[in-house]
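For reference, the chains in residue letters:
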Amino acid sequence: MTLDKVKPGQGGIIASVGGQGLLRRRLLDMGLTPNTRVTVRKVAPMGDPIELSLRSYILTIRKDEAAKIQLKEVFDL
Amino acid sequence: MSVIALAGNQNSGKTTLYNLLTGSNQHVGNFPGVTIEKKEGQIKRHKEISIVDLPGIYSLSPYTLEEVVTRDFLLKEKPDLILNIVDATNIERNLYLTLQLMELSIPMVIVLNMMDEVTASGNSIDVKKLSSHLGIPVVPISASRGEGINELIDVVIRAIKDKTSPRKLDFCIGEVHKAIHSISHLIYDQAVAAGYPPRFAATKLVEGDEPTFKNLGITENQIHIIEHVVKDMEEALNTDREAALADMRYCYIEKICSEAVVKRQETKEQQRSEKIDEILTHKYFGIPIFLGIMFFIFWMTFNVIGAPLQELLETLIDKFTGLTSDALIGIGVSDWVHSLVIDGLFAGVGSVLSFLPIIVILFFFLSFLEDSGYMARVAFLMDKLLRKIGLSGRSFVPMLIGFGCSVPAIMATRTLASERDRKMTIVLTPFMSCSAKLPIYGMMTAAFFPDKAAVVMIGLYVMGIIVAILSGLLLKNTIFKGEPVPFVMELPAYRIPTRKNVLLHMWEKGKDFIQRAFTVIFLGTIIVWFLQSFNWSLHMVEDSSTSILAYFGSLIAPIFLPLGFNDWRASTALITGLTAKEAVVSTLSVLTGAVTDVELSRALFTIFTPLSAFTFLTFTLLYMPCIAAFAATRRELGSMKYAALTALYQTSMAYVTGTLVFQIGRLIIGG
Chain P
1 MTLDKVKPGQ GGIIASVGGQ GLLRRRLLDM GLTPNTRVTV RKVAPMGDPI
51 ELSLRSYILT IRKDEAAKIQ LKEVFDL
Chain Z
1001 MSVIALAGNQ NSGKTTLYNL LTGSNQHVGN FPGVTIEKKE GQIKRHKEIS
1051 IVDLPGIYSL SPYTLEEVVT RDFLLKEKPD LILNIVDATN IERNLYLTLQ
1101 LMELSIPMVI VLNMMDEVTA SGNSIDVKKL SSHLGIPVVP ISASRGEGIN
1151 ELIDVVIRAI KDKTSPRKLD FCIGEVHKAI HSISHLIYDQ AVAAGYPPRF
1201 AATKLVEGDE PTFKNLGITE NQIHIIEHVV KDMEEALNTD REAALADMRY
1251 CYIEKICSEA VVKRQETKEQ QRSEKIDEIL THKYFGIPIF LGIMFFIFWM
1301 TFNVIGAPLQ ELLETLIDKF TGLTSDALIG IGVSDWVHSL VIDGLFAGVG
1351 SVLSFLPIIV ILFFFLSFLE DSGYMARVAF LMDKLLRKIG LSGRSFVPML
1401 IGFGCSVPAI MATRTLASER DRKMTIVLTP FMSCSAKLPI YGMMTAAFFP
1451 DKAAVVMIGL YVMGIIVAIL SGLLLKNTIF KGEPVPFVME LPAYRIPTRK
1501 NVLLHMWEKG KDFIQRAFTV IFLGTIIVWF LQSFNWSLHM VEDSSTSILA
1551 YFGSLIAPIF LPLGFNDWRA STALITGLTA KEAVVSTLSV LTGAVTDVEL
1601 SRALFTIFTP LSAFTFLTFT LLYMPCIAAF AATRRELGSM KYAALTALYQ
1651 TSMAYVTGTL VFQIGRLIIG G
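In the order they appear, the protein sequences are chains P and Z.
So in this note's numbering the end of the first sequence lands on 77, straight run, no missing numbers.
So in this note's numbering the end of the second sequence lands on 1671, straight run, no missing numbers.
No lab work stands behind these hints: they were computed from the structure.
All C-beta atoms, glycine included, are put in the ideal place defined by N, C-alpha and C.
Just to be clear, a hint being listed does not mean it is correct.
[Claimed, not checked] Calculated lysine-lysine pairs in the DSSO-like style (CA-CA distance at most 27 Å, straight line): (1) P:7 <-> Z:1388; (2) P:5 <-> P:68; (3) Z:1263 <-> Z:1283; (4) Z:1047 <-> P:63; (5) P:68 <-> Z:1283; (6) P:68 <-> Z:1476; (7) Z:1476 <-> P:7; (8) Z:1275 <-> P:63; (9) P:7 <-> Z:1275; (10) Z:1231 <-> P:68; (11) Z:1263 <-> P:68; (12) P:5 <-> Z:1231; (13) P:63 <-> Z:1283; (14) Z:1384 <-> P:5; (15) Z:1481 <-> P:63; (16) Z:1231 <-> P:72; (17) P:68 <-> Z:1047; (18) Z:1263 <-> P:72.
[As the list claims (entries may be wrong)] Ranges between beta-carbon positions, derived for each pair: (19) P:77 <-> Z:1482: 55 to 65 Å; (20) P:77 <-> Z:1300: 36 to 46 Å; (21) P:77 <-> Z:1291: 38 to 48 Å; (22) P:35 <-> Z:1189: 46 to 56 Å; (23) P:1 <-> Z:1251: 21 to 31 Å; (24) Z:1515 <-> P:9: 28 to 38 Å; (25) Z:1076 <-> P:64: 54 to 64 Å.
Use the sequences and the hints to build the structure in full.
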């Protein structure tokens, strides 16, 4: 399952981060590395972007970007 | 003289610390060749130490300008010390940059900011343990409360004297370690020759960092070996090079944090933020609340506080102008000197100063929104709307301010994270109809569309927005092609802005505006004054219809034939409108000799038909903004050439749109 499919209030463990170049590097730099626990907190009013919580801070990314993040485990909070 | 570089993540309290260390003793400029702000100042009571505020960044990747600028500065200028500010409430992600900075072999001190929030929530960080793990002095402070600053300065001074670079570099283990070490031996001499710390260079080569390959002059043969080493590493770890290094750094950070950091719960500020966000980014209330906040800010800026201040300022300027005028006449100066001082200089100064209250007040609110963390939420709320034209949600606020005044709107683009977004927003913002154009709309609608004033005005605002959207699409696919900076943005915890930051920001913007804009605006007004007051034999004219300006007006008038108005008075008004858009109204009344509004309305019928009046309005809406906005554009783009091109683009858009409106309008109404 990819991160864009995760509903608010659910979380998961990252398996891999796809994409390339600047985008991928930015995701990795911001701490979205394999085995990191991430939860989806919210979806913006117009349906995109989404709000994530990881490594004790809040990050927002677009769904297109979230679709590049593969999760290996999804759970309800 | 020692130089310190202040580096850290965005939202880590970097600006607050910088302001604390330097006071108002700052010089703001740009890094060479880019529009990224560079602040430099001296540390209070230690004038021998100067400190450079580097852009807020999360990593030293080769992809964003901010990161490249930071890296170049650190590698080329070789500061005596890196002061790395770390947000203690968000230590894992902040230390990620720290580990990369440590590789640069420059003496370093870590400032652990917001320690008060950590301890107040019952969490703790063992500063000694952290320091011994990293091999770098760590100083806990609270920048917002001003705590720990003296201790910090003591440590900094000692570290500069000691000149000890971070010794601990082996935070990697296993395969990555092996790869970095073998490459580091391979390229050691080239790295030293290029001024790169070998260890840093090796890490970057493992990462596949293009600039490092180029700057070190890595040979074909070496590339072959490096790629071979990297391939072995990738296969052994079952991942790729960039992920391997990011993962290695975060693993090391997790290990340190598990020993030095006790985190029982979210900090009070983080919990509070969650509660605030339940309202401010609410599914249904989020956007209405945002619009309400902006409406409040506009109302306060342009009505409640701005208008009286502006009036007061104008009265004062009028008084002073009157006194000077009397004095000049008293000492018997010639007419042209009197006119130069009163109509040229004083009118010029007056037009500059009348912007000032609006700018200062607007930036009071804006820096409050920015420092509180709300601006990031605005980007979150509005992102989807702006994405289609290739911008992100962050551009929404400057564009909205554009409806008030383009000058602060353009100045507000400074906070946009990417240079591309910044430039594009600067080009598009003036299409938002600014409030100075309202008198023109008022004058024209009163004459031509008295029953449909509201429809015409709303139509103009909508047209501005449509042209901005079309321009956005055009620019996105031409000049600003290429990969936009991805929208991966931190939503920082809400914090109450410090008074010092807000005041300094206001002061900076006000000063900036007066200093920089003065020259251009001043020159512009003087030129227009000269053209308006003299004829070709350089005699002062009684009647401005015989002035040089009127000559130019008639010269360019035929250009506007496709737009439906070929009259020197209209084109002259468009030229004077460059000093300030309101001037279009006064010029048209002067040139038509109209004294009352009724006379003016009647006189306008000799120049325009209702359709050409509308195309005139269209042109006024879209053509290049006033000189003050042009000066701001030049300042923010950092180049006269690009500012001129921007103005040319805007004027061309106005011309094309005006022509289309007139020609299509003529087909429809058949005349």
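Against the 27 Å threshold, does the CA-CA distance of residue 68 of chain P and residue 1476 of chain Z hold or violate the hint? 24 Å, holds
Does the alpha-carbon distance linking residue 5 of chain P and residue 1231 of chain Z stay inside the 27 Å limit? 33 Å, violated
Do the alpha carbons of residue 1231 of chain Z and residue 68 of chain P lie within 27 Å of each other, as the hint requires? 23 Å, holds
For the pair supplied as a hint, residue 7 of chain P and residue 1388 of chain Z, is the alpha-carbon distance within the 27 Å limit? Holds, because 24 Å separates the two Cα atoms, which is no more than 27 Å.
Between residue 1263 of chain Z and residue 1283 of chain Z, does the CA-CA distance stay at or below 27 Å? This hinted pair is violated, its Cα atoms lying about 31 Å apart.
Proposed proximity, residue 1047 of chain Z with residue 68 of chain P (alpha carbon, max 27 Å): This hinted pair is violated, its Cα atoms lying about 50 Å apart.
For the pair we were handed, residue 1047 of chain Z and residue 63 of chain P, check the Cα-Cα distance against 27 Å. Violated. Residue 1047 of chain Z to residue 63 of chain P sits at ~49 Å, over the 27 Å cutoff.
Just tell me: holds or violated, for the beta carbon distance of residue 77 of chain P and residue 1300 of chain Z against 36 to 46 Å? 41 Å, holds
Below or equal to 27 Å on CA atoms is what counts here, so check residue 1384 of chain Z against residue 5 of chain P. 18 Å, holds
Between residue 1263 of chain Z and residue 72 of chain P, does the CA-CA distance stay at or below 27 Å? Answer holds: residue 1263 of chain Z to residue 72 of chain P is near 26 Å, not above 27 Å.
Just tell me: holds or violated, for the beta carbon distance of residue 35 of chain P and residue 1189 of chain Z against 46 to 56 Å? 38 Å, violated
Straight-line Cα separation of residue 7 of chain P and residue 1275 of chain Z no greater than 27 Å? 20 Å, holds
In this structure, the earlier hints numbered 3, 4, 7, 11, 12, 17, 19, 21, 22, 24, 25 are contradicted, and the remaining ones agree with it.
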